[in-house]
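A.B. asks: What follows is the residue order along each chain.
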Amino acid sequence: MTIKSRKKNKSNLWYGVIPLYLFTLTFVCGPLIYMLVLSFLSRAEVWGVEKVFTLSNYIKIFEPVYFNTFIESLKLALLTTAITLLVGYPFGYFMAKLSSRGKKVMMLLVIVPFWTNALIRMYGWIIIFRSNGLLDKLLMGLGLTDKPLKLLYSFPAVLVGMVYALLPFMILAIYSVSEKLDWSLVEAARDLGATRLQAFLTITIKLTLPGILSGVVLVFIPSMGLFFIADILGGGKFMLVGNLIRDQVITTRNWPFASALSVLLMILTSLIIWIYRRVTHVKDLEGLV
Amino acid sequence: MKNRTKLPNIYLAFLIILMYLPVAVVIAYSFNASRQSSVWGGFSFSWYKELFSDRSLIEALKNSLIIGVLSSGIAGVIGTLGAVGMAKAALKSKGIIEYISTLPIMIPEIILGMVFMAYFSLMKLPFGMVTLVIGHASFCIPYVFMMVKARLAGIDKSLVEAARDLGASETKVFLDITLPLISPAIISGMLLAFAMSLDDVVISIFITGPRTNTLPIKIYTQLKTGVTPKINALCTMMLLCTLVLVVLANFIGRKKPVKD
Amino acid sequence: MDTILELRNITKSFGKTEVLKDISIQIGKGEFLTLLGPSGCGKTTILRIIAGLEEPDGGRVFLNGVDVTEAEPNKRDVNTVFQNYALFPHMNVEDNIAYGLRIRKTDKKEIAARVAQALELVQLSGYNKRYPHELSGGQKQRVAIARAIVNNPKVLLLDEPLGALDLQLRRQMQMELKRLQKRLGITFVYITHDQEEAINMSDRIAVMRDGVFEQIGTPAQVYDLPKTSYVAEFVGNANLIHGRTIEIKDGVASIEAAGGLVKATVRDKQPVPGMEVTLAVRSENIKLYTCSSQTGIKCRLKEISFAGGMQKIFLQLEDGTEVVSSSLGMNLAFEPNSELYMSFDANHGVLVDL
Numbered sequence: 000m001t002i003k004s005r006k007k008n009k010s011n012l013w014y015g016v017i018p019l020y021l022f023t024l025t026f027v028c029g030p031l032i033y034m035l036v037l038s039f040l041s042r043a044e045v046w047g048v049e050k051v052f053t054l055s056n057y058i059k060i061f062e063p064v065y066f067n068t069f070i071e072s073l074k075l076a077l078l079t080t081a082i083t084l085l086v087g088y089p090f091g092y093f094m095a096k097l098s099s100r101g102k103k104v105m106m107l108l109v110i111v112p113f114w115t116n117a118l119i120r121m122y123g124w125i126i127i128f129r130s131n132g133l134l135d136k137l138l139m140g141l142g143l144t145d146k147p148l149k150l151l152y153s154f155p156a157v158l159v160g161m162v163y164a165l166l167p168f169m170i171l172a173i174y175s176v177s178e179k180l181d182w183s184l185v186e187a188a189r190d191l192g193a194t195r196l197q198a199f200l201t202i203t204i205k206l207t208l209p210g211i212l213s214g215v216v217l218v219f220i221p222s223m224g225l226f227f228i229a230d231i232l233g234g235g236k237f238m239l240v241g242n243l244i245r246d247q248v249i250t251t252r253n254w255p256f257a258s259a260l261s262v263l264l265m266i267l268t269s270l271i272i273w274i275y276r277r278v279t280h281v282k283d284l285e286g287l288v
Numbered sequence: 000m001k002n003r004t005k006l007p008n009i010y011l012a013f014l015i016i017l018m019y020l021p022v023a024v025v026i027a028y029s030f031n032a033s034r035q036s037s038v039w040g041g042f043s044f045s046w047y048k049e050l051f052s053d054r055s056l057i058e059a060l061k062n063s064l065i066i067g068v069l070s071s072g073i074a075g076v077i078g079t080l081g082a083v084g085m086a087k088a089a090l091k092s093k094g095i096i097e098y099i100s101t102l103p104i105m106i107p108e109i110i111l112g113m114v115f116m117a118y119f120s121l122m123k124l125p126f127g128m129v130t131l132v133i134g135h136a137s138f139c140i141p142y143v144f145m146m147v148k149a150r151l152a153g154i155d156k157s158l159v160e161a162a163r164d165l166g167a168s169e170t171k172v173f174l175d176i177t178l179p180l181i182s183p184a185i186i187s188g189m190l191l192a193f194a195m196s197l198d199d200v201v202i203s204i205f206i207t208g209p210r211t212n213t214l215p216i217k218i219y220t221q222l223k224t225g226v227t228p229k230i231n232a233l234c235t236m237m238l239l240c241t242l243v244l245v246v247l248a249n250f251i252g253r254k255k256p257v258k259d
Numbered sequence: 000m001d002t003i004l005e006l007r008n009i010t011k012s013f014g015k016t017e018v019l020k021d022i023s024i025q026i027g028k029g030e031f032l033t034l035l036g037p038s039g040c041g042k043t044t045i046l047r048i049i050a051g052l053e054e055p056d057g058g059r060v061f062l063n064g065v066d067v068t069e070a071e072p073n074k075r076d077v078n079t080v081f082q083n084y085a086l087f088p089h090m091n092v093e094d095n096i097a098y099g100l101r102i103r104k105t106d107k108k109e110i111a112a113r114v115a116q117a118l119e120l121v122q123l124s125g126y127n128k129r130y131p132h133e134l135s136g137g138q139k140q141r142v143a144i145a146r147a148i149v150n151n152p153k154v155l156l157l158d159e160p161l162g163a164l165d166l167q168l169r170r171q172m173q174m175e176l177k178r179l180q181k182r183l184g185i186t187f188v189y190i191t192h193d194q195e196e197a198i199n200m201s202d203r204i205a206v207m208r209d210g211v212f213e214q215i216g217t218p219a220q221v222y223d224l225p226k227t228s229y230v231a232e233f234v235g236n237a238n239l240i241h242g243r244t245i246e247i248k249d250g251v252a253s254i255e256a257a258g259g260l261v262k263a264t265v266r267d268k269q270p271v272p273g274m275e276v277t278l279a280v281r282s283e284n285i286k287l288y289t290c291s292s293q294t295g296i297k298c299r300l301k302e303i304s305f306a307g308g309m310q311k312i313f314l315q316l317e318d319g320t321e322v323v324s325s326s327l328g329m330n331l332a333f334e335p336n337s338e339l340y341m342s343f344d345a346n347h348g349v350l351v352d353l
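Protein sequence lines, in the order shown, are assigned to chains L, B and D. If you're matching positions, the first sequence starts at 0 in numbering that gives the first Met the number 0 and goes up one per residue. If you're matching positions, the second sequence starts at 0 in numbering that gives the first Met the number 0 and goes up one per residue. If you're matching positions, the third sequence starts at 0 in numbering that gives the first Met the number 0 and goes up one per residue.
These are computed hints drawn from the structure, not numbers from a lab. Take the hints with a grain of salt, since some may be wrong.
Sample of chain B residues with no beta-carbon within 10 Å of chain L, all distances over it, derived [claimed, not checked]:
{"no.": "1", "residue": "Y10"}
{"no.": "2", "residue": "S55"}
{"no.": "3", "residue": "K87"}
{"no.": "4", "residue": "E108"}
{"no.": "5", "residue": "I186"}
{"no.": "6", "residue": "F205"}
{"no.": "7", "residue": "R210"}
{"no.": "8", "residue": "L222"}
{"no.": "9", "residue": "K223"}
{"no.": "10", "residue": "N231"}
Anything over 10 Å on all C-beta distances counts as not near chain B; from chain D, calculated [as the list claims (entries may be wrong)]:
{"no.": "11", "residue": "E71"}
{"no.": "12", "residue": "N73"}
{"no.": "13", "residue": "Q122"}
{"no.": "14", "residue": "M274"}
{"no.": "15", "residue": "L327"}
Using 20 Å as the maximum straight-line C-alpha spacing, the simulated DMTMM-like pairs for lysine to aspartate or glutamate come out as follows [claimed, not checked]:
{"no.": "16", "chain 1": "D", "residue 1": "K74", "chain 2": "B", "residue 2": "E49"}
{"no.": "17", "chain 1": "B", "residue 1": "K171", "chain 2": "D", "residue 2": "E232"}
{"no.": "18", "chain 1": "B", "residue 1": "K156", "chain 2": "D", "residue 2": "E232"}
{"no.": "19", "chain 1": "D", "residue 1": "K286", "chain 2": "D", "residue 2": "D202"}
Just so you know, these numbers come straight off a predicted model, no measurement behind them. Beta carbons are placed, not taken as given, at the ideal position from N, Cα and C, and that holds for glycine.
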């Protein structure tokens with residue numbers, strides 16, 4: 000037996016990857032490739048798909064009806080991301096400054112909604128937002144308004160729902176980098192004459208950037224597809240890419256077009272992740288698990 | 000100066016309250032005797048009674064639990080073996096497979112739901128429990144995989160070497176040293192996966208069968224068509240489950256072996 | 000002396016870096032051998048090769064006359080005390096120590112007896128049920144040692160085992176380890192970068208540098224008679240003076256250095272007259288005079304410092320060489336910047352790098 004062969008035989012544990020490989024290839028890679036193929040096929044007259052190559056599905060995306068949906072979706076996603084960042088950054092940052100006991104309690108408090116069924120949480124908002132619901136009652140009781148605001152099924156309601164659903168991702172991402180932050184660097188900056196704000200802008204923001212980026216990615220990507228929030232809190236008045244894809248699949252049964260939309264969304268997603276990795280040189284997203 | 004130090008705490012508290020407000024509202028209304036949600040009709044358990052006599056809801060709950068247990072179980076096995084194997088394997092395809100395997104939690108769920116629906120019908124799989132379990136396993140695996148991977152990376156290499164040095168074979172080292180050290184990560188990964196499975200609507204809607212309902216699907220359709228206060232009670236029950244899971248995961252996951 | 004462990008022409012590279020360059024050594028039964036060298040000299044790699052945690056690119060390892068080069072680490076009668084102790088965090092002291100015995104399916108009663116014995120040996124009786132995180136650094140160290148010796152290995156490898164302890168505890172543990180080794184009669188291969196530790200504990204020291212042995216010898220040999228300027232500096236903190244031999248008479252070489260004349264005893268290797276040589280002289284052997292005599296080098300006093308009961312005088316020779324002289328107690332006879340003459344006995348001057 001040569002030296003080389005011993006080295007190779009040394010570990011049998013690598014066989015463990017086999018199930019992962021099989022599953023990934025069959026149930027992740029396969030479907031995604033099929034999606035790509037579907038997006039270039041034609042839709043059959045009555046039902047199903049015809050094996051005829053076409054680019055028409057992609058061209059169709061640029062029809063104003065659909066393209067606008069894409070743009071609207073992007074806008075909502077961007078707005079959602081911006082608000083979660085504004086609200087979540089201070090939260091994650093302050094949380095990292097708590098005592099270790101405080102951190103533990105906070106962590107638990109943030110994790111519970113994160114693990115809780117999003118529908119339940121949305122349902123709570125319905126009760127609050129609905130006409131003559133809790134919010135209206137409160138505002139009218141305080142004499143701030145004299146008639147129901149009709150907040151449910153409005154854009155603000157959808158936005159609140161989105162921010163609310165995705166906020167934990169942002170908080171956890173910011174927290175996980177803030178917690179590792181070497182505070183003595185901030186103190187050093189203060190010692191060297193920086194004001195609180197200057198130290199924050201020049202040191203803290205820079206050092207927590209990986210968390211910010213990770214949070215942005217973790218919020219932005221799912222916000223493109225959370226169709227049920229627009230459904231429940233928007234009352235079907237708001238069409239997002241997610242709703243569009245769902246309708247194309249379930250109602251219209253135009254799989255090739257739905258695939259083309261998904262491919263576009265997928266490209267957008269991959270682009271964002273790629274940029275994230277290029278910028279931060281980190282493979283896994285901060286605070287994801 | 001005093002106020003300045005208090006401000007962050009006020010902010011944290013305010014946001015936590017806001018986070019829990021909708022949840023609290025749901026819980027409160029589950030005990031509301033009145034049928035109308037805008038009126039408080041006194042305290043009552045009647046919705047819970049109705050809930051437990053609703054066969055279709057109980058059926059949905061059963062389905063959700065079965066799917067959750069199966070998919071997180073599959074994820075526990077595939078994810079753990081995968082993470083351990085990946086650490087040892089010298090395969091060129093390692094990086095790309097790892098990337099693809101984590102895609103299900105990276106890309107919008109809607110894509111996954113859509114492609115699963117198309118792919119499963121291509122493969123002529125019967126829509127229902129089988130497709131749901133496979134679909135859920137796809138996004139459960141990455142959670143376990145990533146948690147175990149992170150924990151593995153944190154294990155002092157010399158512990159493994161010490162066990163080898165003391166005479167343990169590679170398999171023995173895995174069973175005696177590595178596995179006990181990564182087991183908190185496996186368990187909390189599986190619990191998270193279970194919670195995510197219990198939570199999923201988007202993917203489930205696409206891959207469920209005509210006669211299979213999961214709890215989230217049931218809630219979703221009710222929310223769209225018309226709400227009976229029963230749903231409050233149902234949501235409260237689910238919240239309770241989640242809480243138990245989180246506390247459990249926290250208890251196990253945070254119990255880190257203390258490092259030297 | 001019976002050889003228990005032999006390394007024959009070991010070579011090892013990591014990528015493009017050659018870590019070990021043709022290393023050979025024989026280690027005797029019951030010997031305390033120290034590998035001494037700075038970090039990165041390859042000493043840990045040697046240990047890992049002996050333990051089987053690393054495989055050499057070339058060369059052979061013999062344990063008790065058997066070629067074990069390709070044997071798995073678990074198939075070698077060798078145990079290691081790791082630098083960071085590597086105690087299993089999820090097992091208590093008893094389980095940690097019993098681990099190796101259990102792997103070998105030793106009888107339960109015997110395990111209990113041997114664990115108790117090992118604990119007594121490292122003075123930790125009664126700590127059976129403690130977990131590693133409940134122990135202090137020194138206690139962890141003892142457990143790590145107990146875990147290794149309980150298996151009665153032929154050779155015990157120790158990788159800077161005292162590196163993480165504070166000075167006082169270190170000194171105490173040095174003594175204990177040495178006593179333990181004598182009592183058990185196990186061969187120790189010990190790694191350190193601390194020359195004091197090496198000198199205190201070892202039967203033999205192998206001084207390493209850049210993947211080769213510079214010198215292997217008893218502490219006295221290495222300390223008093225360094226073969227190379229590197230060993231002289233690293234082990235003995237010696238001064239190095241460069242000069243040229245003028246003549247060799249009666250086993251003593253006369254050497255011209257920095258405008259002065261000094262003498263050094265010639266040992267196993269003979270220099271020829273007119274040869275460029277390097278002399279190693281330890282600071283405590285340097286004598287200072289205010290006026291010149293037959294031998295001696297003119298120098299200028301730069302600085303005086305006092306620490307740990309030792310006075311150090313920093314001198315500069317005319318060729319720029321810096322020399323340190325040290326003596327016990329304080330001597331205030333000299334003033335900074337004064338001109339002095341330094342000299343030493345011929346048998347304190349060691350010709351190195353020959």
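A.B. asks: Once the closest CB in chain L is found, is it more than 10 Å from N231/B?
C.D. replies: Violated, since 8 Å does not exceed 10 Å.
A.B. asks: Say whether it holds or is violated: E108/B keeps its Cβ farther than 10 Å from all Cβ of chain L.
C.D. replies: violated, 6 Å
A.B. asks: Please verify that the nearest CB of chain L lies beyond 10 Å from L222/B's CB.
C.D. replies: violated, 5 Å
A.B. asks: Run the C-beta distances from S55/B to all of chain L and say if the shortest one exceeds 10 Å.
C.D. replies: Non-interface label stands for S55/B: nearest chain L Cβ at 17 Å, farther than 10 Å.
A.B. asks: Taking the closest pair, is the beta carbon of R210/B still more than 10 Å from chain L?
C.D. replies: holds, 17 Å
A.B. asks: K74/D and E49/B: Cα distance at most 20 Å?
C.D. replies: violated, 67 Å
A.B. asks: Regarding the pair K286/D and D202/D, is the alpha-carbon distance no greater than 20 Å?
C.D. replies: Answer violated: K286/D to D202/D is near 31 Å, above 20 Å.
A.B. asks: Checking a non-interface call: every C-beta of chain L should be farther than 10 Å from the C-beta of K223/B. Is that right?
C.D. replies: violated, 7 Å
A.B. asks: Is the claim that Q122/D lies outside the interface with chain B correct, judged by CB distances over 10 Å?
C.D. replies: Holds, because the least Cβ-Cβ distance between Q122/D and chain B comes to about 20 Å, which exceeds 10 Å.
A.B. asks: L327/D: least C-beta distance to chain B exceeds 10 Å?
C.D. replies: Holds, because the least Cβ-Cβ distance between L327/D and chain B comes to about 40 Å, which exceeds 10 Å.
A.B. asks: Run the C-beta distances from K87/B to all of chain L and say if the shortest one exceeds 10 Å.
C.D. replies: Answer for K87/B: violated, closest chain L Cβ roughly 4 Å.
A.B. asks: Is the Cβ of E71/D more than 10 Å away from each Cβ in chain B?
C.D. replies: Nearest chain B Cβ is 7 Å from E71/D, so the label is violated.
Consistency with the previously given hints fails for numbers 1, 3, 4, 6, 8, 9, 10, 11, 12, 16, 17, 18, 19, ordered from lowest to highest.
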